[in-house]
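Once you've looked at the hints, dock chain R against the given chain U.
The primary structure of each chain is shown beneath.
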Amino acid sequence: MTPELAIRLRGAVKRYGPITAVDHLDLDVPVGTCVGLLGPNGAGKSTTMRLLTAQAIADEGELDVLGFKLPEESKMARAQCGVSPQLDNLDTTLTVEQNLLVFAHLYRIGRADRKAAIEQALEMALLTDRRDTRIDKLSGGMRRRLLIARALIHRPRLVLLDEPTVGLDPQVRQGMWALIDQLRSEGTTILMSTHYIEEAQRLADTVLIMSHGKAVAAGPPPELVLEYAGRQALEVYGPPARLAEVEAEAGAAGLRTRRTGTSVSILNVDGFRGLPEGERRPANLEDVFVLLTGEEIT
Amino acid sequence: MAAIAEPRPARLGRLERPALTGVLVREVVNYSSYWRSSTFSSTVEPTIYLLAFGFGFGSIVSTIGGLDYVDFVGTGTVATAVLFSSAFPAMFGTFVKYQFQRTYDAILAAPVDTEELVTAEALWIATRAGVYGCVPLLVAMVFGLDPAWGMLLVPFIAWVAGFGWACFGISVAGFSKSFENFNYVVSAVLTPLFLLAGSFFPLDEFPEWAQVLAQLNPLHHLVVLVRHAVFGWAGWTDLVRFGALIVFGLVLWRIAIRAMTQKLID
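Quick note, the sequences are listed as chains U and R, same order. Residue numbers in the first sequence follow the working numbering, run continuously in steps of one, and reach 298 at the last position. Residue numbers in the second sequence follow the working numbering, run continuously in steps of one, and reach 1266 at the last position.
Only chain R is shown next, with the shape it has when bound in the complex:
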């Protein structure tokens, strides 16, 4: 007996737009049911950091490197907002969708490959991070940060960084056997990187090895780039930092695809 021979459709390729769109539509429709809570937390969190550090440290130090402390923290917490709205939702969201809701089983039964699934999820989280990343600037403006043209680039920089952190979160979820493993990642990776980013205090007084390590921290580059976008560029080093964010995103993107492929395809 012969298998059916029908006129064959054109071979479907990799990273097809309809597949990415399908996954994105699902996220957008879902977002309509939870946007209030996620916008609330993304706005309130950086505001609390700003108030706490701004009033706490602000009473001791008024300026850092020629910047008002509020301006320093306001620009610094953009990275915090990006991290909190990308790495964390990616870790938990991916795990929940895989393990509990079995959403990915449904999506992969449709003409969508793991590579497309991961890419679309990361694009979506990056976009949210790009938007939520701007909230600290808006809050800081209420407290006296002067608007600047360079701020218009912040959503874009935050988007690129958010993509990398989203892929980081997806990778962690992909390689983790259980929720508990996230604790190791949060304590041993995210918290140190978050503190060694230069959001709340400058890294100049750190020992030299720590300053070198900071150059490997994508969050640090994000912090510096946002500050430079707002207060003035520093030339080619900014381009290198931006390049580092792009490399970070691309490498983690491939790792995330690999992690999820071994998780989703037996």
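One chain only, chain U, in its complex shape:
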């Protein structure tokens, strides 16, 4: 049995004038999994998300969402999808409950089920006691939780989360992760875009790393780490001149390095001897990300 796909993109291309925002992208999101689209700002993650709701129309390629061909059948796909946008678009002069009521209508929840759906969304967003609060009186974290609960009000089969924790404080972000993890454990299919590596590592079953509109690697985070960064990295600290030296040495030995601010990380050092003094640490997804997207290293 091959797993069923909630999203299937083949060779998707989206151009804006001379810029190719999405460049021959293949993407599979199997049912019941959480896939993370990881990439630096401007990698094409948001454009990919817009393609999936037919708010952007692909110039080339095949796009299927929940078995519907895009863009022709997008409306049917959208009926069974929930979308949490990167930019907050709640109605700020309405209350929490009014916002949910509007979306209960937009997502065609029948009169009989509307009240229960709203209650459930309030509970999920932990906003039951704030139901009558206007949006402009809510904190950033509350608004984010409401955005996600709003996307889930019609119990969609697929949820698209575009940068779900962007701009949140670290402790609030952890709360959001708990919420997304809960969804995942309930078997909701999730496609999440993020530029936070830790977020992808914690929440995603598989990660697709994007750079300049292309997929540069895809797989479960541990496999990606093993494949591209090995088991261990050696982190060497020192003044800038020393770091440059270390980089040259490692390069001569055929090892790859990346700058991590005040240190140089030498990647894939398993079994290597005669390396400079430093701190050995397990390789991580950030190493892979930096290696593949070229962000930070020039």
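Since the hints were made in silico from the structure, they are not lab data. There could be a bad hint or two in this list.
Restricting the straight-line Cα-Cα distance to at most 27 angstroms, the calculated cross-link-like pairs of lysine-lysine (DSS-like) are [unchecked claim]: (1) K1177/R with K1263/R; (2) K69/U with K214/U; (3) K69/U with K1263/R; (4) K137/U with K115/U; (5) K214/U with K1263/R.
Cβ pair distances, simulated, as ranges [claimed, not checked]: (6) A1052/R with E72/U: 47 to 57 angstroms; (7) Y1034/R with K69/U: 38 to 48 angstroms; (8) F1175/R with R242/U: 56 to 66 angstroms; (9) S185/U with G1013/R: 29 to 39 angstroms; (10) D129/U with S1032/R: 18 to 28 angstroms; (11) T133/U with F1040/R: 21 to 31 angstroms.
Just a sample of chain R residues kept apart from chain U, beta carbon distances all over 10 angstroms, derived [what the hints assert, rightly or not]: (12) T1021; (13) D1105; (14) T1127; (15) W1149; (16) F1175; (17) V1185; (18) V1189; (19) P1192; (20) L1203; (21) D1238; (22) R1254.
Quick caveat: nothing in here was measured; it's all calculated off a predicted structure. Beta carbons are placed, not taken as given, at the ideal position from N, Cα and C, and that holds for glycine.
Quick look at chain R alone, frame taken from chain U:
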């Protein structure tokens, strides 16, 4: 790997009622938070026009074409009220919802197409224009306008005209890259049409070319139709005028959909 094959729901069509309802519910719920201010301005504005023109011109001219000047202005400003409660809110509201609140991004991620979004927005604005359009008549009645059965048709005529002007406003917002562009439309299009409608003074004394141009002005037809509804119909020409308002609405409706599609869908 195969994409999921589930029992497929019936294909969703165009202009579906649930989609229109969803957008309308949003507007109605939002209206509950700002109805006071919008009702205030829609009532006070025509009252000021009535008072200003009524007392200002009314002291010089007492009748126009056999009508008391107050009756003439009271019926004429119905068109003003319709314009102010349709074209302007459509222009600014659409732009704000698109650019600043990103409301349309949220709506189009739901099973709602641009065509349905634009249609529902225009229907809603038209309905408000239909109601607010009657306010000048009510105010004029306070100043002595006699009630007439034909007045019952005014909300309907105002609704049809309001739909067209709403679509006009949405089109302008759709084609504009920035707020500043609205100034051109207001100065070069709306103000001349507003003055060349026959609300405050008759167009009979205008040069003939201006009178011909006025026949292309939907606001002029609205003014004439309202006057005829109140003071007596003029036969088939009224039907032609009403037809012109319907054509105006239909054409601008399609233009608005096109404008917003190119704005909202990349």
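A quick look at each hint next to the structure:
1. K1177/R with K1263/R: Given pair K1177/R, K1263/R holds - Cα atoms ~9 angstroms apart, limit 27 angstroms.
2. K69/U with K214/U: 22 angstroms, holds
3. K69/U with K1263/R: The hint holds at about 23 angstroms.
4. K137/U with K115/U: 23 angstroms, holds
5. K214/U with K1263/R: 26 angstroms, holds
6. A1052/R with E72/U: 47 to 57 angstroms: 56 angstroms, holds
7. Y1034/R with K69/U: 38 to 48 angstroms: At roughly 41 angstroms between Cβ atoms, K69/U and Y1034/R fall inside 38 to 48 angstroms, so the hint holds.
8. F1175/R with R242/U: 56 to 66 angstroms: 60 angstroms, holds
9. S185/U with G1013/R: 29 to 39 angstroms: Distance hint for S185/U, G1013/R holds at roughly 37 angstroms.
10. D129/U with S1032/R: 18 to 28 angstroms: 22 angstroms, holds
11. T133/U with F1040/R: 21 to 31 angstroms: Because 26 angstroms falls inside the window, the suggested range holds.
12. T1021: It is violated; T1021/R is separated from chain U by about 6 angstroms at its closest Cβ, not greater than 10 angstroms.
13. D1105: About 6 angstroms separates D1105/R from the closest Cβ of chain U, which leaves it inside 10 angstroms; violated.
14. T1127: 17 angstroms, holds
15. W1149: 38 angstroms, holds
16. F1175: Answer for F1175/R: holds, closest chain U Cβ roughly 19 angstroms.
17. V1185: 26 angstroms, holds
18. V1189: V1189/R is indeed farther than 10 angstroms from all Cβ atoms of chain U, at 30 angstroms.
19. P1192: At roughly 35 angstroms from the nearest Cβ of chain U, P1192/R sits farther out than 10 angstroms, so the non-interface label holds.
20. L1203: Given a closest Cβ separation of 42 angstroms, the condition holds.
21. D1238: At about 39 angstroms from chain U, D1238/R clears the 10 angstroms cut-off, so the statement holds.
22. R1254: 20 angstroms, holds
Hint violations for this structure: numbers 12 and 13, all remaining hints satisfied.
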